[in-house]
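Protein chains: 2
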Amino acid sequence: MAAMPQPAATSATVEFLRQKARLLRIHSLVTTTRAGSGHPTTCLSAADLVSVVFFHAMRFDPTRPDAPDADRFVLSKGHGAPLLYAALAEAGVFPVDRLATLRQFSSELEGHPTPLVPGVDAATGSLGQGLSVGAGLALAAKRLEKSTIRVYVLLGDGEMAEGNVWEAAAFAAHYGLDNLTAIVDVNGLGQSERTMYGHDVEAHRRRFEAAGWDAVSIDGHDIPAIVRALDHARALEGPARGRPQVIVARTEKGHGVSFLADKEGWHGKPLSKDDLPRALAELGPVPPVGEPDSRSYARRVGTAPATFPPLPPPEYALGQQVATREAYGRALARLAAVNPRLVAVDGDVKNSTFAEYLEKAHADRFFQGYIAEQNMVSVGVGLAARGYTPFLASFACFLTRAYDQVRMAAISRSHIKLCGSHCGVSIGEDGPSQMGLEDLAMFRAIPGATVLYPSDAVSADRLTEALARLPGIGYVRTTRPKTPVLYSADEKFSVPGFKVLREGPHDRVAIIAAGITLHEALKAHSELAAQGLAARVIDLYCVKPVDAEGLASQLRAAGGRVVTVEDHFAEGGLGEAVFAALATQGVSLTAARRLAVSGVPHSGTPEELLDAFGISARHIAAAARALL
Amino acid sequence: MAAMPQPAATSATVEFLRQKARLLRIHSLVTTTRAGSGHPTTCLSAADLVSVVFFHAMRFDPTRPDAPDADRFVLSKGHGAPLLYAALAEAGVFPVDRLATLRQFSSELEGHPTPLVPGVDAATGSLGQGLSVGAGLALAAKRLEKSTIRVYVLLGDGEMAEGNVWEAAAFAAHYGLDNLTAIVDVNGLGQSERTMYGHDVEAHRRRFEAAGWDAVSIDGHDIPAIVRALDHARALEGPARGRPQVIVARTEKGHGVSFLADKEGWHGKPLSKDDLPRALAELGPVPPVGEPDSRSYARRVGTAPATFPPLPPPEYALGQQVATREAYGRALARLAAVNPRLVAVDGDVKNSTFAEYLEKAHADRFFQGYIAEQNMVSVGVGLAARGYTPFLASFACFLTRAYDQVRMAAISRSHIKLCGSHCGVSIGEDGPSQMGLEDLAMFRAIPGATVLYPSDAVSADRLTEALARLPGIGYVRTTRPKTPVLYSADEKFSVPGFKVLREGPHDRVAIIAAGITLHEALKAHSELAAQGLAARVIDLYCVKPVDAEGLASQLRAAGGRVVTVEDHFAEGGLGEAVFAALATQGVSLTAARRLAVSGVPHSGTPEELLDAFGISARHIAAAARALL
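If you read the protein sequences in the order shown, they are chains A and B. The first sequence begins at 1029 in my numbering and counts up by one. The second sequence begins at 1029 in my numbering and counts up by one.
Put simply, identical chains are the same to the list, so a pair is met inside one copy or across any two.
Taking lysine-lysine pairs in the DSSO-like style, the calculated list, with each CA pair at most 30 Å apart, reads:
id, residue 1, residue 2
1, K1388, K1510
2, K1510, K1297
3, K1510, K1291
4, K1388, K1174
5, K1297, K1388
6, K1388, K1291
7, K1301, K1510
8, K1551, K1527
9, K1520, K1510
Derived by calculation from the structure, the hints in this document are not laboratory data.
Just chain A, same shape as in the assembly (with noise of 0.2 Å):
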């Protein structure tokens, strides 16, 4: 605590605080005793720092906790979710008796927090991720919105563990949030043994304030403590100013209950019928139950993002060399222009993805991440709960540092936009770590992801304000080398959707590709032709969904022989997205070819890793040919 003095709490407040956090207790013990499973004592531990939040510290309307003005809190230690619920339903934010539904495959009140749940702002439960989300919510307040709002966001000890959160505390004190206040609940526990730092609370304390943070320990148990803690925060006085604040709680795992209290061997269990009675006869009087409340409270979640004026189209050339990565960061510039609410986060490679674009025409909307992959994307998660459309942009390969926050991104129905660059081996001579080899792998499989693949500089511009309309998480994979334009600039690319680049009433084979092997592919396309060869080449720039029905007809037309081509591993990408739509709709394939990079590549230049890992256009010629 600062030498700031403060003024004391009234024992009138401290006692309706203490009440609250008996009530807190005594809902997170019976709900999870009622639903058989979930995490009673990391609740325990936390009641007293959520009764303060919550019925002190916090400002928000509980018929509207979700409107602009409303203060925020995150639960970054997920599994405390029946300790947040009993805070909102004694807010007042949804009945007291909805909690008996806690885990119910009917209610919203999930075993981790959701964004159905009002109130809720990101899906928590994969540890470490909500103090970013917290300083995506607390910089659009700051930055953009020039809001007074304050974000509040509860960690646990043991996910202080995850670099995730040290990323969100040089981001949050690089862009100066004195407007997020972190509490840490040190019950020194973990899942299934004590935590690296057991009870020092000092340890956690000192890498805060070397990391730029005003930094308190205090005893998380002791109410006026954590108001006056909590009453500093709020003030920004004297050393807190301009930076944010957390608040370092050494607390008990089971806190109020003589035989859970810093007892190990009890995370994540639920007291049984018998042992429940015993607990609540420690913590006193008990308020009568009611009949389960069976209504939903679920809050609308997964609406599209900012709507737009429609853009120009490009102003690009057919035959210019471009590169797909150049168009997109051009695109993002033009879309900014007219959607005020597209902003971005970089991770330091502006230059080489091209979203340095958007920071020449709109400084303001660009946040510099630095190289936190992590960060940028629960950040952007935070933006894009506060009604922002975030486009979070590194190399392809990069983006696999992040997959876990995409994942749980999707679970929040948020409409964060994620660019990759550098894809495949056309990247060349920098090698196999900076080759994104299994981004389309990794984002078909997010729930509800649009995965998008452009090869030339038209197709990246549309697709990039596709996205940017597009509900959910949307991905798109631009590359290094130029590329010449293939599409007029009035083109219009639907999604799902795809390209017929060539064809002909006696195609005996079809060529999908995207990307740089589309080029290839044409290339192939002439070599065959000069054979006597017809073959269809179709641009599969919409990986994700993919028009199975569209496809299947193509492929009928083309004798059921298919060569697909990705500068991608052969696992999850374009070629399997092809023939599980081919197999479900019925298509039955006369020959098939999947190329792709298999192994782990090496560096060299682009043309030379094309050929040698088999997607060139000698070896699509070869494929087709072989099919027949």
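Since the structure of chain A is provided, determine the placement of chain B on it from the hints.
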């Protein structure tokens, strides 16, 4: 620097090291200009540091740089590869004339280091992973080998924003790795702009100190200061004992060349052929350049992990209810008894993954990594580089956190083995954040990986053993609920392979499943049989590699009709593996259905969820009927 005085380096030593640094700078400039790409300025900032590490601090025989008693060097800032190669060449590991092959397809000297290069333990180039690899090497040396080797890790300041670095920093301090020295090259310039902290070396030093390290800051171009700091690290005197040591070095990117030094806009750009002589002129006499050495100096990599005698069959009885995750844990303990090289790192979930059986049996080979999956995986890569076979386990969904580290492990040709427990919706009430539904897609897209998915305790045991013997990345997917034992204890499981559990001469459809859905498929088989529909049931326990030829002949025998069913998202999973295998085997499918999870799941009971997401026996039987 601690108060302890160090003997000053002699002026002859200093001059020798300065000359070596000068040569390293020259090689870095010459080779990148010759290659036409690369990152010379990042080499120039670290040249003095690397000179003192290689030619003063490290103890190794250049003719045997990978001998067990050789000190280790990890270039975490992998884009400094030309500098590393120059140091290896100047040390005599390979001829200086080999440097001219930098970034060529035929050369082991790729754009970023891989273990093809002698003396390199792990691929780097995805930033922020090297300190974890170094911690794994140091952990092996200190705790498993009682060796006195020292491990040096060179980091860039840009990568200090990666959370993985802080996971590693906490881990190394926790394990008291005083045989580990980190050196941070604070040149203050990232790829696209100044780093978050610029030249504020104290900001970096404070954070390491707060994490429990012995931390000093120095001028990274002051050779005597570097010598003193590294001597201090090796001496382990005073406050450093029992703590890892970091040297935070203030440097200039491009140091030594006036028009490059501390200039923005030079990241990742070689000098032109015109600029090179101007730069070299500033660096003093250039040694004569020979013909490029076209011999390969590549190390043999990717050989199998440590061998061990066969295990006796496990003691499970047919029909016994055992979770595959528990059988995995028991298998680990059984394997450790016969394989002294088997070790494990946990992510504080040992009581869920059942890795705790190993800890109970062999505590000395079990390391708690706490909730830090990225570090867990890269520490595993370090352990594997010392000849151990590390098993790394977490919930399948949380392995997404370490996808980049697994990707880099594959480029490292590492033998790490991973187990993902709690796969699919069948975990039930904990909800979507805890469900691994993309892990098959993720691991299938790792080159050379083996992906196994047992359905019962016997196969879980035998497949865990198989993984321990196989080269490359291995993954085993385990299930939370108990399932009945299907196989007799002496059953053999080939990789690749599958088992046909139900078959008859008149089968009209094949149902392909694994894990929990195999049990649903068996129920569906009974239901269909009662209706007079003969179905073949296949346990595809080996999802990668798929025995495509074997499956094709099964499918032909079942009339070309197939239902795949998996507790995984549709994309990149078992179904797509099957369809791709059949398509490329030329199997003409009569009709196919892919049953898989779609959309974001929800909390509920396992049975409720299997049914709600369309992968229960009822849905399988309906899909089979619909194909006819």
